[in-house]
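Chemist: These protein sequence lines are chains A and B, in that order.
For the first sequence, our numbering gives the first residue as 1, with consecutive numbering after it.
For the second sequence, our numbering gives the first residue as 1, with consecutive numbering after it.
In case anyone wonders, no lab produced these hints; they're calculated from the structure.
Careful: at least some of the hints might be erroneous.
[Claimed, not checked] Which chain A residues stay away from chain B? Per the calculated CB distances, all over 10 Å, these:
| hint | residue |
| --- | --- |
| 1 | I2 |
| 2 | N79 |
| 3 | D82 |
| 4 | R134 |
| 5 | T256 |
| 6 | V342 |
| 7 | H343 |
| 8 | K375 |
| 9 | L404 |
[Said to hold, decoys possible] Simulated pairs of lysine to aspartate or glutamate, EDC-like, Cα-Cα distance not exceeding 16 Å:
| hint | chain 1 | residue 1 | chain 2 | residue 2 |
| --- | --- | --- | --- | --- |
| 10 | A | K408 | B | D14 |
| 11 | A | K375 | B | D14 |
| 12 | A | K187 | A | D145 |
For every residue, glycine included, the Cβ atom is placed at its ideal position computed from N, Cα and C.
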Amino acid sequence: MINESDINRIRSQFPLISGKDIAYLDNAATTQKPLCVLDAERKYYEESNANPLRGVYELSTRATEEFENARAKVARFINAADPSEIVFTRNATESLNLIAFSYGLGKIHEGDEIAVSVMEHHSNFLPWKMVCERTGAILVKIECDPEGNITDEELDRKIGDKTKIVAVTALSNVLGRKNDIKRIAKKAHEVGAVMVADGAQSVPHMGTDVQDMDADFLVFSGHKMYSAMGIGALYGKKKILDDMDPFLRGGEMIETVHWDKVRYAQVPHKFEAGTVNAGGAVSLGAAIDFIESIGINDIGAREHELTKYAMRLIKDIPGVQIVGSKDPEDHLGIVTFTVDDVHPHDVADILGNEGVCIRAGHHCAQPLMDHLGLKSTSRASFAFYNTKEEVDRFIDSLSKVRGLMGYK
Amino acid sequence: MAENGSFYNEVLTDHNMHPMHKHDLEGATCACDGVNPSCGDEITLQLKIEDGIIKDGAFSGDGCAISQASVDIMLEMIIGRTTEEARHYAHLFFRMIKGEATPEEIEELEEAGALEDISHMPARVKCAVLGWHTLEDMLDKAIEDNG
């Protein structure tokens, strides 16, 4: 368990929030970075930098080792069967596009169905829409109830013999609700479809076991889990990755290239064309070390506590409505809400004026906004380094919003 | 800054809560949509222009208080004015938002001067100028249409 004295020590490792007059509650957008992560990336460039996977001299070997060690850490962190099942990308968005272009355009045909939940981030919606438009496949909408729950009946209705891909987030970036990927993957596999899980919001906040959930693909971004921006990962089952065409073509993703004949590299390097983001990978590896030094379960437990505390206080503010389930047990680290008569951008601006950073808008999930009958919303999202005092500050500012806008 | 420490002063909140020109305009001679894709603010501006004079105007739409109040204040200023005067006000408004307007020019903008603080808030500039840009687009289009 993380106690308050630990928190002060932990916060002191985050230069951007340590001792600053800011309550940073936009962690679902990106987290702040601890010194150990910043130092690891710097150390890589100071001591081990060469172009990985290329040179035969000692420095290049070291660069390759650092890069591949990071891959092994990612694999272990999500319990992949083998490091070769981890492809480094820029972020979850690029990972999903990789799957859509390589697997989607390669394996999907006219009349096939791709089932996507209505609560997806645009990153797990637009690539599938593209695949459908180009192949003549049909995009099927898996709906949720207003609480964000996807029922078994809905899965039975929408996943059938024609379904070839099922794409669902493991944790909604708006509703803060977990989806049981294991249950959905089972349905997908019953009809021979592959399961694509978006782990951008789940991997930073709960233990992930890709073998247990049996997802065929899982994607996430480093920057939402304390590492630098510009590094992310794609997990894919090896036999599926082996059977896919490359996404980008160029340097370092080949075995041999002749005018008439090309042999691509094995996975994962087949999907890592061009000079890789080795500093970013090292940064992600250091972020995983940092998370593991605290414990992912303890991190998640504290974030859940902060979420419950915030929701309990929000319920007492007149004119503020929580989006999705009213039960705090259904929220992990994310509370989305609306303020009667006040546009979310005004809410975020008033809070921002008092140093409270929250997100306002459609959160890149416009189909979900349409489904819920909302135009836009405000969102507070917590990391374990947040405190109850910060939640109190947020609540205090939020309580004043309607009054400041002239409403009683 | 308003007394409460935010820039949401009384002029702004009043126009947001009780807009005078948020309705459908019968007999409008032109209409134009304005969208601010990063925020989702959207308005439709309608004007009734006769002999180069803006006889009446109205808007509809959805967005933050700044976008909605700004267009309401704008309509209040330009109704009864010539299109050239409206363009002049738009010019002054853009100068104010860029932080380039003189105190006399801000004075000339009357109630729209209440949005002066937006010049220090880059994230809200697009909200404040949405109505005014839509007005400019509409007047440009009206000239093209007439020839």
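Chemist: Are the Cα atoms of K375/A and D14/B separated by 16 Å or less?
Modeler: Violated, at roughly 23 Å.
Chemist: In terms of Cβ atoms, is chain B entirely out of 10 Å range of R134/A?
Modeler: The claim holds: R134/A sits with its nearest Cβ about 25 Å from chain B, beyond 10 Å.
Chemist: Is the nearest CB of chain B more than 10 Å from the CB of K375/A?
Modeler: 6 Å, violated
Chemist: So D82/A supposedly isn't at the interface. Is its beta-carbon more than 10 Å from every beta-carbon in chain B?
Modeler: 42 Å, holds
Chemist: Over 10 Å from every CB of chain B: does H343/A meet that, or does the non-interface label fail?
Modeler: 4 Å, violated
Chemist: Can we confirm that no CB of chain B comes within 10 Å of the CB of I2/A?
Modeler: 34 Å, holds
Chemist: Would the hint linking K408/A and D14/B be met if the CA-CA limit is 16 Å?
Modeler: 13 Å, holds
Chemist: Are all beta-carbon distances from T256/A to chain B longer than 10 Å?
Modeler: T256/A is indeed farther than 10 Å from all Cβ atoms of chain B, at 47 Å.
Chemist: Check whether the Cα positions of K187/A and D145/A lie no farther apart than 16 Å.
Modeler: 19 Å, violated
Chemist: Could you let me know if the closest chain B CB is still more than 10 Å away from the CB of L404/A?
Modeler: Contrary to the label, L404/A does not stay out of reach of chain B, its closest Cβ about 5 Å off (not over 10 Å).
Chemist: At 10 Å, judged by beta carbons, does N79/A keep clear of chain B as stated?
Modeler: 39 Å, holds
Chemist: Does the claim that V342/A lies off the interface hold, with its Cβ farther than 10 Å from every Cβ of chain B?
Modeler: Given a closest Cβ separation of 7 Å, the condition is violated.
Of the numbered hints given earlier, the model fails hints 6, 7, 8, 9, 11 and 12; all others are met.
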